[in-house]
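Engineer: Sequence lines, in order, name chains G, L and D. Okay, so the first sequence: first residue is 1 according to this note's numbering, each after it adds one. Okay, so the second sequence: first residue is 1 according to this note's numbering, each after it adds one. Okay, so the third sequence: first residue is 1 according to this note's numbering, each after it adds one.
Just so you know, the hints here were simulated from the structure itself, not pulled from any lab data. This one's a predicted model, so the numbers in the text were calculated from it and none came from an experiment. C-beta atoms are modelled at their ideal positions from N, C-alpha and C, and glycine is treated no differently. Treat the hints with caution; some may be incorrect.
[Unchecked claim] Once the Cα atoms are required to be at most 25 Å apart in a straight line, the calculated SDA-like pairs of lysine to any residue come out as:
#	chain 1	residue 1	chain 2	residue 2
1	G	345	L	93
2	D	138	L	84
3	G	345	L	136
4	L	262	L	273
[Claimed, not checked] Over the 10 Å line for every Cβ pair with chain G, so calculated as not near, a few chain L residues:
#	residue
5	56
6	88
7	128
8	300
9	315
10	341
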Amino acid sequence: MATAHTPATEHAREPSFYEGKTGFKNWFITLDHKRLGMMYLVGTMVFFLVGGIAALTLRTELLTPEQDLVSATTFNKLFTVHGAVMVFLVIIPAVPAALGNFLLPLMLGVKDVAFPRLNLLSFWVYCFGACFFLFTLFAGGLDTGWTFYTPYSTTTGTAMLSATAGAFILGFSSILTGVNFIVTVHKMRAPGLTWNRLPLFVWAIYSTAVIQILATPVLAITLLLLIVERTLNIGIFDPAMGGDPVLYQHFFWFYSHPAVYIMILPGFGIISELIAVHSRKHIFGYKAIALSSIAIAIISFLVWGHHMFVSGQSELAGVVFSFLTFAVAVPTAIKVFSWVATLYKGSIEFNTPMLYALAFLFTFSIGGLTGIFLGSLSVDVHLHDTYFVVAHFHYVMMGGTIIAFIGGIHHWWGKMTGRMFNEAHAKWGVLLVFIGFNMTFFNQFVIGQQGMPRRYATYVPQFQQQHVLSTIGSYILGVGLLWTAIYLLRSLRSGPQAPDNPYGGASLEWQTQSPPIEHNFHGQPVADTDPYNFPQIDRSGGMDAH
Amino acid sequence: MLSMFFAPETKEAAKAAAGAAAPVVEKAAAAAPKLPPLETAHNWALPTEASTFARSTDNLYLFIVALDVFFFVLVIGAMVYFMWKYKRRSEDQKTSSITHNGKIEFLWSAIPAVLLVVIFAWAEIDYLKQTTPPADAINIRVVGRQWFWTVEYPDNPGVSLTSNVDEPQLTMIVPKGRPVRLTMTSEDVLHSFYIPAFRIKKDVVPGRYTTLWFEATTVGEFNIFCAEYCGDRHSSMTGVIKVLEPEMYEAALKEASKLEAKPGEAPAEFGRRIYTRRGCNACHTLDGAPATGPSWKALYGRQETMADGSSLTVDDNYITESILRPQAKIVAGFTGAQMPSYQGQLDQKQIAALIEFIKTQK
Amino acid sequence: MSSTHAHGPKPPHAFFQHHYDTVEQQAGAAKLGMWVFLATEILMFSGLFLAYFIVRAFYPEMVLGSHELLSKTMGGINTVVLLTSSFTMAMAVRSAQVGDTPGIVRNLYMTIGCALIFMVVKYFEYTGKFSHGIFPGKYFDYERAAAYAAEHGHELVGMPHIFFGVYFTMTGLHGVHVLAGIIVLTWILRRAQKGHFGPQYFTPVENVGLYWHIVDLVWIFLFPLLYLVK
Ligand code: HEA
Ligand code: HEA
Ligand code: CUA
Ligand SMILES: [Cu+2]
Chain G
1 MATAHTPATE HAREPSFYEG KTGFKNWFIT LDHKRLGMMY LVGTMVFFLV GGIAALTLRT
61 ELLTPEQDLV SATTFNKLFT VHGAVMVFLV IIPAVPAALG NFLLPLMLGV KDVAFPRLNL
121 LSFWVYCFGA CFFLFTLFAG GLDTGWTFYT PYSTTTGTAM LSATAGAFIL GFSSILTGVN
181 FIVTVHKMRA PGLTWNRLPL FVWAIYSTAV IQILATPVLA ITLLLLIVER TLNIGIFDPA
241 MGGDPVLYQH FFWFYSHPAV YIMILPGFGI ISELIAVHSR KHIFGYKAIA LSSIAIAIIS
301 FLVWGHHMFV SGQSELAGVV FSFLTFAVAV PTAIKVFSWV ATLYKGSIEF NTPMLYALAF
361 LFTFSIGGLT GIFLGSLSVD VHLHDTYFVV AHFHYVMMGG TIIAFIGGIH HWWGKMTGRM
421 FNEAHAKWGV LLVFIGFNMT FFNQFVIGQQ GMPRRYATYV PQFQQQHVLS TIGSYILGVG
481 LLWTAIYLLR SLRSGPQAPD NPYGGASLEW QTQSPPIEHN FHGQPVADTD PYNFPQIDRS
541 GGMDAH
Chain L
1 MLSMFFAPET KEAAKAAAGA AAPVVEKAAA AAPKLPPLET AHNWALPTEA STFARSTDNL
61 YLFIVALDVF FFVLVIGAMV YFMWKYKRRS EDQKTSSITH NGKIEFLWSA IPAVLLVVIF
121 AWAEIDYLKQ TTPPADAINI RVVGRQWFWT VEYPDNPGVS LTSNVDEPQL TMIVPKGRPV
181 RLTMTSEDVL HSFYIPAFRI KKDVVPGRYT TLWFEATTVG EFNIFCAEYC GDRHSSMTGV
241 IKVLEPEMYE AALKEASKLE AKPGEAPAEF GRRIYTRRGC NACHTLDGAP ATGPSWKALY
301 GRQETMADGS SLTVDDNYIT ESILRPQAKI VAGFTGAQMP SYQGQLDQKQ IAALIEFIKT
361 QK
Chain D
1 MSSTHAHGPK PPHAFFQHHY DTVEQQAGAA KLGMWVFLAT EILMFSGLFL AYFIVRAFYP
61 EMVLGSHELL SKTMGGINTV VLLTSSFTMA MAVRSAQVGD TPGIVRNLYM TIGCALIFMV
121 VKYFEYTGKF SHGIFPGKYF DYERAAAYAA EHGHELVGMP HIFFGVYFTM TGLHGVHVLA
181 GIIVLTWILR RAQKGHFGPQ YFTPVENVGL YWHIVDLVWI FLFPLLYLVK
């Protein structure tokens, strides 16, 4: 798209979207997708900090086998708050609602999402749901684990209603965003931007939105039933009243397994952009990457039972779920191979976003490959609810999505804020995060396989050494992230002005100024080729870029 | 206390222990509480393999490790090689125009798919073995409660062992080389019965019976963990399973379930042992802090208000009733449903000893 | 890629939003958005239907015995009322398409009227249940409910509180949707009175109509499943 009609540079600079009406009120009722995206970004980062502090506290408790720093109850509340905040307030909204909101209309070359007011409503709903979570924190916390399993959740004395109500409300925010994005992608595209020319980030957000609207209503109804069960004891989940606790688990995972792909697909989208742009290579296997997202979206609805291999569900169910679980691994493998193949004969620049993308390949591969152990029936019987699972999902969520997210923040930082961060500082950040992360979670695979159950406030002393290593790792990780937050925030004041297209990207968001003007583009951008057609591509060698 | 049948490593030692139980008991009672033994050779090793399933599960585990390492090295190796080879050396460095390649894309979808089917089949065969207990298995019943396990032996009526929240203690005894089938249920919330050394685990679900079977292959003591989060002291819901040579099994069972005053033991001391051995301490503290049940601190002689508003003085009769029919009178602020009845599990002597012990809690 | 070029531009109406390129694009987006949203509504209710079927599979006799206590008459009346309202709603959309403002207003009044009747009947149904001890969940009064059942020659089997728990949850959630329907219907009624709709612009009427049909549809499933189990 080097040939897009109206490169920003031909225009005199106009005031950016930041320079319109300012003040709290104008931000809080803004219909501008970019402002909403920025507010989501701030929101998710604040909660990332909250969840991270809970994580570091619980890691500190785990330094010793005995219970010393906090009481067992507090420990249980810590991992619940940590898990629930990270899942419902951070990772699910992070990429779609923050980066997606900001970038989707820009990448599509349009002025806004289809329903700006709905977008604003969705943000308010997010804040409203977040308030419920905050209320839960101040009302003494919740100690059920983020999965809210019955009958514990219907009998615990802790603030269970406000937390589930919060998750319920956040679900609506997620649904509304999903509806908005689906319609935007279908109906609002710049002239020439056919489905085959959509940036893969858009494809990823689109597939995510499809899962969001199909799965989140089921979460809503599950939580509603849980709330009704808790307040009125209608008896469908509580065995004491004639109900079935395993039924709850089916309901919960029917949402929450697809939800893990809600978490990762947007991350995949970021990685596709980062790898292509920073190696200036046409992405390898565009169609396969785009369609495998759709395949994942579909199959992901059929594997929820792999969280329940030992729950007492029927053996046949276990076998079917195990088979389908392996089926989802294949489309993911296709993506990973395609990313690596994209590097082949590229022109790879080792700047911060690219380093995050490469770190992602490393950590996500470990996370995904360990999913294979968990999908295997007999092995999962041993590994279920041990630290092996904890390590698996941190490798895919923290090492996958969050690493991709931070990479994406760096990649689009100039576009979003108009400032560049300090590359040298940022590289230290990558190093600390990478080392800290692996040190925290790699040995959790080992203790998990040795039988260390998760959600344990105290443990047998034989695991102590590994726990200490893990805790030290988490401190390094914390320092790395704090460092990242600091240099990014400082760049807002003292960073150099960002160019419109600092990395030579070819998709439409790079065709406007940084930060974009209120209506995104000067005039109507036109897409006349695909978004990975970089000028550096050598077209002399026979093979044609489609 | 756990070491009542402390892991004698050799057959001879085990025999000796069973033969000369009494002195061992004496010694054990004096010893400090022992945590379950280290189950791995070193920090990074696989845990001990102590059941017939362990070997095959580990084989598959190692196979997946090998496969994963292979693919990881392939993917990350290629990545690192490309990073080095195609590092940007000049701003206008040309890049290849390759956009796809049907053949290679087919291969890297098909090969993993085939390998995954192999893993699936292997795991499934193992799993089906794990879910079909042989007919001649020894039956054991397991009940999970917040936060202890009760293990009963229908073939040996009256034998009942419990785990303990404050220190690991002997919870289950099984013979080596004989299949054992557990029928499990929970009286409150979900738990999960997990023995890492046997590579087995199954949720324990209220209102349902779940089953689990295994055949131990190694004499020794192994950890039992509760693997499903069940509240405050989930991580204390651990126990110890002891595998014995079949010849010693019956005798050991009798010995283990014997809960009698030792010669010269004061009733209150004996009561204290019952307090931990029978799991009262899972719900009753001694320091005044209310837990699932009322604390026993200054309980005896106290004016207790009941849920129905009446009040009474705690005396021997009331305590006996509370133990045998907990539902009869319920203390205000608690639910009677949580305390199990100990009818048939504690005899008069033991109850008397408990009362003496409660009396000493001022 | 947008289909607008084929039709040629239409004059934008007063409610045209400037971030769209054309009127068709705006209308198309609104309609697609509504359909997607309705899909989520259907999925949400499907979760409840699933719960219902599971309960029914667990305790078939209990469900059979308990459903006798529901009033088929009231349920039947409500079914007719809702079907009527669906018809008047469709008429309202039709009126909007042909630019008949009084027609829209009239039909919307009738639709809202039906919705209100539905809620009133629901109120009597619920209070009727409550007066016989049939409360949701733990408040269920087995003795009084059983006596009431016996009076009418039925028998309660097993754990009827589960059936009624499901009944109250399903009809309750549906009732909330009817209430929301009344609110949005009133909103477009006000707009219709101000003359906002005509052949150029009637998407809101159409979308509210779609929503209302879905609410109706859900009831069409609820009624036989809860009231006419056999
Ligand atoms: C971002 C989130 C995310 C992602 C993407 C995944 C991806 C996968 N997960 Fe994970 N998972 C979670 C988040 C996620 N998971 C969470 C949160 C839990 C626990 C929840 C809780 O209990 O609290 C969990 C738990 C969990 C379980 C249940 C474990 C248990 O409780 O006993 C299982 C079991 O099958 C599983 C399997 C898988 C598989 C097979 C994949 C696959 O999609 C992975 C595919 C990826 C690859 C395979 C790697 C890349 C490919 C290559 C390098 C090429 C070579 C590949 C091959 C030859 C196969 N996961
Ligand atoms: C997105 C999901 C996510 C993320 C990112 C994390 C991140 C971390 N988790 Fe998380 N974790 C979960 C999801 C996640 N976790 C879930 C779902 C559970 C299960 C809960 C349950 O059992 O119910 C769990 C459970 C869990 C456990 C197991 C508890 C137990 O079973 O007993 C542990 C233990 O080590 C742990 C540790 C950590 C650590 C050290 C991090 C670290 O990576 C955290 C590092 C972050 C910080 C230190 C914050 C710093 C941030 C800033 C300074 C702002 C940054 C700003 C910019 C970069 C711009 N987590
Ligand atoms: Cu019992 Cu955890
Ligand atoms: Cu899953």
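Engineer: Are the hints correct? Go through all of them and say.
Structural biologist: Results of checking the hints against the structure:
Distance restraint check for residue 345 of chain G and residue 93 of chain L: the Cα-Cα separation of roughly 10 Å lies within the 25 Å cut-off, and the hinted pair is therefore satisfied. Among the hinted pairs, residue 138 of chain D with residue 84 of chain L is inconsistent with the structure: their alpha-carbon atoms are about 68 Å apart, more than 25 Å. Distance hint between residue 345 of chain G and residue 136 of chain L is unfulfilled; the C-alpha atoms sit about 65 Å from each other, more than 25 Å. As the CA atoms of residue 262 of chain L and residue 273 of chain L are separated by approximately 11 Å, the hinted pair is consistent with the 25 Å bound.
Remark: the non-interface label on residue 56 of chain L conflicts with the geometry, its nearest Cβ contact in chain G lying 7 Å away (cut-off 10 Å). Against chain G, the non-interface label of residue 88 of chain L is violated: not every CB pair exceeds 10 Å, the least being about 5 Å. With 10 Å as the threshold on Cβ separation, the claim that residue 128 of chain L sits away from chain G is violated: the shortest Cβ distance comes to roughly 7 Å. Against chain G, the non-interface label of residue 300 of chain L holds: every CB pair exceeds 10 Å, the least being about 28 Å.
At the 10 Å boundary, the C-beta of residue 315 of chain L stays outside the reach of chain G, the nearest C-beta of that chain being 31 Å off. Against the 10 Å criterion, residue 341 of chain L stays outside the reach of chain G, whose nearest CB is about 17 Å from its own CB.
Violated hints, listed in ascending order, are 2, 3, 5, 6 and 7; each of the other numbered hints is respected by the structure.
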